[in-house]
Amino acid sequence: MFESIKKIFARSSEKKPHSEILLKDLPSWLDEKESDCISRRNDASTQSRERLLRLEQDLRQLLTEFGDESSDEPRHHKVEQVNRHALPQFCRKIEAELKGSFSDDDEIFYQEVAGLINGCFKAYRGPGRYLHHIYPEEVKVFRQTLDQMGHELNRMTDVIRISRERLTHISDMRTLIEEKNALEEEDLRSDEELQKYETRLHELDGELSKAQAELEKVLGSDIYASYLRLEEETGQQGRQLEKIRESWESQIRIAVPVWKRSAKAFQEQGRTEDEKKMEELIHLASSPRRDDEKVAGEVSSTAESLFSLFDSGTLQAKNSFEKQLFPSAEEYTKRFNEVFTGLHALSADLDAKMQDLNANPAMEQKNRAAQEIGDVKRRIDDLNREEEKRKERLSSLAERQESVLEDLKKSFSEFAGEETDLVMDGKEQ
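For the sequence shown, counting from 1, position 169 maps to 325 in the numbering used here; every step adds exactly one.
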């Protein structure tokens with residue numbers, strides 16, 4: 157029976173020649189096959205439906221025959237008890253199953269009849285399990301009717317199952333087509349993204365060229381050349397200032413021990429005023445925030461009293477550095493004043509040049525152009541990274557498209573058999 161039912165869905169009204177279906181026409185072809193499958197299922201199940209409806213009417217008629225016999229023979233009290241209690245319960249349950257009408261939809265109709273048969277068997281196994289003692293013929297006919305309904309329902313089961321398999325196959329192919337279409341749309345979006353990438357990259361290349369040209373213009377300008385010269389001059393003066401400052405610091409380091417010894421000598425001699433001035437000089441020279449101008453002034457004001465100690469032999473130079481720094485009062489003050497004057501003048505000149513350097517717009521222009529170049533390059537790098545991601549997605553997309561088409565080809569071949577070929581992109585698949 158199964159094979160004969162299966163042939164209902166496989167055969168056509170007449171032998172068709174070998175045919176081809178274009179991929180673009182597959183959705184409409186599936187619509188036709190779906191409609192044809194439903195139609196064949198309906199045709200195949202019509203006979204079963206009619207038989208089941210007749211058997212259902214037979215059940216209704218049979219139900220009225222229970223309890224119709226009018227025998228005057230006395231019955232056992234248990235038989236009377238069954239007849240009085242079990243029969244009404246049995247009839248009520250069967251009547252409840254027979255209420256209502258059946259659906260026109262084959263699958264729903266199948267479920268309704270299956271429920272009816274199941275309910276009738278439950279009624280028979282329940283309150284109807286003793287009725288065969290009283291109504292053997294009626295029960296026999298009742299069971300035969302249910303068996304016939306079961307056989308007919310089994311036939312309808314195969315019809316619906318095969319139909320459902322084919323409709324599921326059609327649904328699966330539609331799902332693959334939807335996935336294929338979604339992948340194609342994604343492919344189109346990827347093409348649009350490529351066009352946007354190329355357009356944006358062209359714009360950024362233009363911005364980069366403009367920024368690089370601006371930088372070259374700044375680097376080639378007279379104002380930038382003057383900036384470089386001024387920068388070189390300030391660098392040289394800065395190095396000179398550092399050397400002079402080292403000389404100044406060296407003189408301070410050499411002089412402080414001598415000043416301390418002289419302060420002690422003034423103390424021993426009771427020269428309080430000279431001691432006080434020397435202590436002030438030592439304090440100024442040792443201060444973290446030293447005022448070099450005051451130090452130079454105090455060096456000059458204390459030179460005479462200091463060298464009175466040298467002249468009297470009370471104070472003596474202990475090494476060549478001290479001898480070189482303290483040859484005479486005049487030479488001593490001259491060296492300190494010359495170094496301080498040079499330090500002060502060069503520092504002031506360097507400050508002025510640094511102000512001019514900082515006020516020069518060339519460096520700001522250069523930095524602005526260089527920053528613009530860096531910003532554009534970063535945007536280009538970000539854009540290129542996004543493009544690499546797009547290429548990776550595109551590669552994965554191509555693999556998914558190929559996989560979906562292969563699944564669609566296989567599913568179509570299983571459904572259509574050898575009678576029909578599916579053609580994709582002008583090639584038979």
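It is worth saying that the hints were derived from the structure and are not from the lab. As the structure is a prediction and not an experimental result, all values here were calculated from the model. One or more of the hints may lead you astray.
Derived pair list, reagent style DMTMM-like, types lysine to aspartate or glutamate, alpha-carbon separation capped at 25 Å [as the list claims (entries may be wrong)]:
hint: 1; residue 1: Lys255; residue 2: Asp214
hint: 2; residue 1: Lys565; residue 2: Asp214
hint: 3; residue 1: Lys565; residue 2: Asp192
hint: 4; residue 1: Lys189; residue 2: Asp260
hint: 5; residue 1: Lys416; residue 2: Glu478
hint: 6; residue 1: Lys352; residue 2: Glu574
hint: 7; residue 1: Lys255; residue 2: Asp303
hint: 8; residue 1: Lys336; residue 2: Glu574
hint: 9; residue 1: Lys432; residue 2: Glu478
hint: 10; residue 1: Lys545; residue 2: Glu555
hint: 11; residue 1: Lys416; residue 2: Glu388
hint: 12; residue 1: Lys399; residue 2: Asp447
hint: 13; residue 1: Lys336; residue 2: Glu494
hint: 14; residue 1: Lys545; residue 2: Glu340
hint: 15; residue 1: Lys189; residue 2: Glu478
hint: 16; residue 1: Lys450; residue 2: Glu460
hint: 17; residue 1: Lys416; residue 2: Asp467
hint: 18; residue 1: Lys420; residue 2: Glu354
hint: 19; residue 1: Lys249; residue 2: Glu308
hint: 20; residue 1: Lys547; residue 2: Glu429
hint: 21; residue 1: Lys450; residue 2: Glu398
hint: 22; residue 1: Lys249; residue 2: Asp192
hint: 23; residue 1: Lys399; residue 2: Glu388
hint: 24; residue 1: Lys433; residue 2: Glu354
hint: 25; residue 1: Lys450; residue 2: Glu494
hint: 26; residue 1: Lys433; residue 2: Asp447
hint: 27; residue 1: Lys490; residue 2: Asp537
hint: 28; residue 1: Lys479; residue 2: Glu431
hint: 29; residue 1: Lys352; residue 2: Glu494
hint: 30; residue 1: Lys180; residue 2: Glu570
hint: 31; residue 1: Lys399; residue 2: Glu389
hint: 32; residue 1: Lys533; residue 2: Glu363
hint: 33; residue 1: Lys420; residue 2: Glu370
hint: 34; residue 1: Lys336; residue 2: Glu321
hint: 35; residue 1: Lys474; residue 2: Glu436
hint: 36; residue 1: Lys490; residue 2: Glu429
How the hints compare with the structure:
A distance of roughly 14 Å separates the Cα atoms of Lys255 and Asp214; the hinted pair therefore holds under the 25 Å criterion. Restraint check: the Cα-Cα separation between Lys565 and Asp214 comes to about 50 Å, which exceeds 25 Å; the hinted pair is violated. Distance hint between Lys565 and Asp192 is fulfilled; the C-alpha atoms sit about 21 Å from each other, no more than 25 Å. Proposed proximity of Lys189 and Asp260 is supported: the alpha carbons are some 21 Å apart, at most 25 Å.
Annotation: proposed proximity of Lys416 to Glu478 holds, straight-line Cα distance about 13 Å (limit 25 Å). About 46 Å separates the Cα atoms of Lys352 and Glu574, which puts this hinted pair outside 25 Å; it is violated. A distance of roughly 20 Å separates the Cα atoms of Lys255 and Asp303; the hinted pair therefore holds under the 25 Å criterion. Using a Cα cut-off of 25 Å, the hinted pair Lys336 and Glu574 holds, with the two alpha carbons roughly 24 Å apart.
Proximity of Lys432 to Glu478 is assessed by CA-CA distance (about 22 Å); at most 25 Å being required, the pair is judged to hold. The hinted pair formed by Lys545 and Glu555 meets the criterion: a straight-line CA distance of about 16 Å does not exceed 25 Å. Annotation: proposed proximity of Lys416 to Glu388 is violated, straight-line Cα distance about 42 Å (limit 25 Å). The hinted pair formed by Lys399 and Asp447 meets the criterion: a straight-line CA distance of about 19 Å does not exceed 25 Å.
Taken as a hint, the Lys336 and Glu494 pair is broken in the structure, with Cα atoms around 92 Å apart against an allowance of 25 Å. Note on Lys545 and Glu340: the hinted pairing holds, with a Cα-Cα distance of about 18 Å set against a maximum of 25 Å. Restraint check for Lys189 and Glu478: not satisfied, since their Cα atoms lie roughly 117 Å apart, outside the 25 Å limit. A distance of roughly 17 Å separates the Cα atoms of Lys450 and Glu460; the hinted pair therefore holds under the 25 Å criterion.
Only pairs whose Cα atoms come within 25 Å are accepted, and Lys416 paired with Asp467 is accepted, the gap being roughly 17 Å. A distance of roughly 86 Å separates the Cα atoms of Lys420 and Glu354; the hinted pair therefore is violated under the 25 Å criterion. For the proposed pair Lys249 and Glu308, the alpha carbon gap of about 23 Å is at most 25 Å, so the pair holds. At most 25 Å may separate the alpha-carbon atoms for a hinted pair to count; Lys547 and Glu429 exceed this at roughly 90 Å.
Simply put, Lys450 and Glu398 have alpha-carbon atoms about 20 Å apart, close enough for the 25 Å limit, and the pair holds. As the CA atoms of Lys249 and Asp192 are separated by approximately 40 Å, the hinted pair breaks the 25 Å bound. A distance of roughly 17 Å separates the Cα atoms of Lys399 and Glu388; the hinted pair therefore holds under the 25 Å criterion. A distance of roughly 81 Å separates the Cα atoms of Lys433 and Glu354; the hinted pair therefore is violated under the 25 Å criterion.
Distance restraint check for Lys450 and Glu494: the Cα-Cα separation of roughly 14 Å lies within the 25 Å cut-off, and the hinted pair is therefore satisfied. A C-alpha spacing of about 16 Å is found between Lys433 and Asp447, which places the hinted pair at or below 25 Å, so the restraint holds. A C-alpha spacing of about 64 Å is found between Lys490 and Asp537, which places the hinted pair above 25 Å, so the restraint is violated. At most 25 Å may separate the alpha-carbon atoms for a hinted pair to count; Lys479 and Glu431 meet this at roughly 22 Å.
For the given pair, Lys352 sits about 71 Å from Glu494 by alpha-carbon distance, which is inconsistent with the 25 Å threshold. Restraint check for Lys180 and Glu570: satisfied, since their Cα atoms lie roughly 19 Å apart, inside the 25 Å limit. Taking the CA atoms of Lys399 and Glu389, the gap is near 15 Å; set against the 25 Å cutoff, the hint holds. Taking the CA atoms of Lys533 and Glu363, the gap is near 10 Å; set against the 25 Å cutoff, the hint holds.
Of the supplied pair hints, the one linking Lys420 and Glu370 is violated, its CA atoms being roughly 69 Å apart against a limit of 25 Å. For a cut-off of 25 Å, the pair hint linking Lys336 to Glu321 stands: about 22 Å separates their Cα positions. As the CA atoms of Lys474 and Glu436 are separated by approximately 23 Å, the hinted pair is consistent with the 25 Å bound. For the hint pairing Lys490 with Glu429, the CA-to-CA distance comes to about 24 Å; that is within 25 Å, so the pair holds.
The structure fails to meet hints 2, 6, 11, 13, 15, 18, 20, 22, 24, 27, 29 and 33 from the earlier list, while all remaining hints are met.
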